[in-house]
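Based on these hints, arrange chains B and C on the given structure of chain A.
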Amino acid sequence: MVLRVWPQFGNETALFICSCLAIVPLAGWMGRATEELAEHLGHGVGGLLNATFGNAAELIIGLMALSKGLTGVVKASITGSIIGNILLVMGLAILGGGAKFSEQRFNKTGARASATTLTLAAVALTIPTVFHVTAAGRTGAWNLMTEQKLSLAIAVVLFVTYACVLGFELITHKQLYAMDPQDQGEEPKEVSSWSISKSLLVLIVATALVALMSEFLVGAVEAARSALGLTEVFVGVIVIAVIGNAAEHSTAVLMAMKNKMGLSLGIAVGSSLQIALFVAPVLVFSSYLFGSPMDLEFTLPEVVAVVAAVHLIFQISGDGETNWLEGVQLLSVYLILAILFFYLPERVDAG
Amino acid sequence: MVLRVWPQFGNETALFICSCLAIVPLAGWMGRATEELAEHLGHGVGGLLNATFGNAAELIIGLMALSKGLTGVVKASITGSIIGNILLVMGLAILGGGAKFSEQRFNKTGARASATTLTLAAVALTIPTVFHVTAAGRTGAWNLMTEQKLSLAIAVVLFVTYACVLGFELITHKQLYAMDPQDQGEEPKEVSSWSISKSLLVLIVATALVALMSEFLVGAVEAARSALGLTEVFVGVIVIAVIGNAAEHSTAVLMAMKNKMGLSLGIAVGSSLQIALFVAPVLVFSSYLFGSPMDLEFTLPEVVAVVAAVHLIFQISGDGETNWLEGVQLLSVYLILAILFFYLPERVDAG
Amino acid sequence: MVLRVWPQFGNETALFICSCLAIVPLAGWMGRATEELAEHLGHGVGGLLNATFGNAAELIIGLMALSKGLTGVVKASITGSIIGNILLVMGLAILGGGAKFSEQRFNKTGARASATTLTLAAVALTIPTVFHVTAAGRTGAWNLMTEQKLSLAIAVVLFVTYACVLGFELITHKQLYAMDPQDQGEEPKEVSSWSISKSLLVLIVATALVALMSEFLVGAVEAARSALGLTEVFVGVIVIAVIGNAAEHSTAVLMAMKNKMGLSLGIAVGSSLQIALFVAPVLVFSSYLFGSPMDLEFTLPEVVAVVAAVHLIFQISGDGETNWLEGVQLLSVYLILAILFFYLPERVDAG
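Protein chains in written order, with this note's numbering: chain A, 516 to 866; chain B, 516 to 866; chain C, 516 to 866.
Just chain A, with the same shape it has in the complex (with noise of 0.2 Å):
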């Protein structure tokens, strides 16, 4: 923790590293509190949770770096978060997962119900590109106002039915989301050794401090970038969006592990399903205060990233259980990914 004291220092990409390493221990502790928490509220209000404390990280680092108008850099944190959640920090857990146990089971209707929500995120963050290759095909037409407007009534929809998700997953269905069977049968229910003040305390301490951390690395990330040779999207969809879900990361391979694949589920997925249904559609909302509106048009590349990696949870995790090859797979689509955005050149135009 004295780490976040140094870097001030040190120069601009000793402290893009140094903020990085910082958040582990971090993400850490918020992993703990969250269990800690998980352990009084139940399963789903738990993983629901711990989805909320680690997006707070991006939400914050989307507003400022909104505020500087690198609206560039904050949609590629977008769709990195999704990709990364449910590739890196979901491949991790099943394999970590996978190695101890042959087969881990989990609650089939919830996860479905999850998968089905984000391909419609899918759906809704591929529109606006449809719609931007096409208007541009057709001469004169079109203008980026239309985009704009198309893209605000889409984070509208998005915004209403994580409503509707919230709403089902804490009130109709909430049974779903409660504590497996399978989960309790592995292991007995253990006295929880925080209390629920002190969970909180640590989980918003944690938090708050990931998110200074956080800020450090976005001030340092350009100076950061061309020193090591990276292009802005790979920063973007890969690194910041590694260490904004270092929490999720942690907490989600951790329970795994204990064989709580429901819950590791629930985190890994959530955190994704809450970037695209709540924190996008936040930061479009927020653009406006900030006076350069963003859109939700993003490059072949990245909608075909999301695309892949939504359509592989859903093959994953469509049938209620999951092996180590499950995870080896996912990490497999990761990389090929990670290398497609590291070898891709930078895009040349203005915005």
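One copy or two, it doesn't matter: identical chains are merged, so the pair holds either way.
Straight-line alpha carbon distances no greater than 25 Å define the calculated DMTMM-like cross-link-like pairs of lysine to aspartate or glutamate that follow: (1) Lys623 x Glu836; (2) Lys689 x Asp834; (3) Lys615 x Glu836; (4) Lys623 x Asp834; (5) Lys689 x Glu836.
Please keep in mind that the hints were generated in silico from the structure rather than gathered at the bench. As the structure is a prediction and not an experimental result, all values here were calculated from the model.
Using the frame of chain A, we list chains B and C on its own:
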């Protein structure tokens, strides 16, 4: 019903709106008659029957539009009917049913067979567009004639596949589409109040009147469109498709609210399937009679819309159960697609 | 078998056709030998063995074509083998089996694992094309070298993933691929009539002869192609792939008709999987030895074909049961794709 004589005296936009309104009660009658008939014939045949009568209107509209050379509108209404049935009709049915029942079940194998046929149809309708894009990029070698031959060949394959699907549903595996045990459990077999002949008569008369109204509607569509400031593709994909499928609409929602989700799905998905595998090929064949050959090359937004809709219904129906959130998810995607088609500028080319 | 000496005296087109005909009985011998061997070794290893021997021919054809610098034909035959095995072979097997049995069952988890690996492969084979399209739109920054590096990196990921898949199928989860209880129920364990060594000998000799025939075939393909008026992509994707997979073909259909659907699926899907994850990477690696590096950038129609085929087999095999209609659906899509490749004009660029 008296409404149908009024529009003659009004202007085009009024005629357009009145035709729309007139179709609603007629669709109600069709729904009632079909339901009565379905009681006599069993769910599978009943669902098929309803889809056939629902699509008779579409076929007639399509033929009339073709005779006037309006291939653009015809193609848009094909896409619109497919996504309208899957997303709007099925979305409302699942939401309506889900408001009353926490979980609704139906035969999984039948639903999966329909979903796979829809995927096949989506591939078939994507191919001419893929051909167009690829061939257009290869100078010289391409011409419109080849594209029409390709579409004709695909129409033949779809038509033959449809015959196979009917053989499967009505002969070799009809038990999959018979009265579901779940449906029977909810409701005692009620005594049918209409005879077969009365049901049939009402069905035929109502269908004829719907077709007539549709004719007024199509005739007035151009004038109304410019008066209301809507694009051609929006009217074809959204407005005409919604009106043209009002019959399936009311019946499917009614059935879902009676917890007969199997029949509801059979109507909505069966209707989409029939549009793609029967109406579309017949329209392609007929276009040669009218001397203005129609191909099956759709725009990118239409292809994306169909693929997204077909994928979503597969995800939702693949596990043999539905809940209200799945209805919301289908409706959200419909809304997002409607927004896309609303903002999409007109195609500027002559075709 | 005597046919193989005749073609030497005929012209190129006759040689082409005779080679094709010669492969059919040889494939029958391979099928028989593999079946015998599978009796000794169990279904999983038997299926893998058959896929390996079936693809030895493809690998040899590929290497010979690469040595002549025909990367276009090699890439087309990779795509063609993947879709041919999934759509044509599996389609005929399911239809053949479905003609005798109303419903055929197999291990769902194994089938889903294979389908997910195929999805991964489809994503991997899509990425270089996405890169190409995106990078080509960004002036200046792109060059062919980067594209080759990207393809090489993806080939490495695929190769490593294949090793993991083998570890899963043969070591950690071999029970999923073992003799299905359903299969045993249908047919009493028959006494194997051939010994392991006899089976092995026949298998090796038949494979060698198939490879030899394939060589004649490839040598004559150019002349035959222009004589018959077929495009290069049609010959690569459809003709060579059909002949090259005749072995899997006859065996898979034979197994399906004996109601051993698990083995049938293992052969056809396993063969596609091995082409994508083993043969394709090995060909990329080898292309560097021949001095004409091959990338994995496919044309849009090829990418769409692979994605469609992979998605369909996932939909069809995901529920662990098949019926004849699913065979018809696969064959319809194959037919539609064959029509597309038949009408598609030649690529005009030099590559």
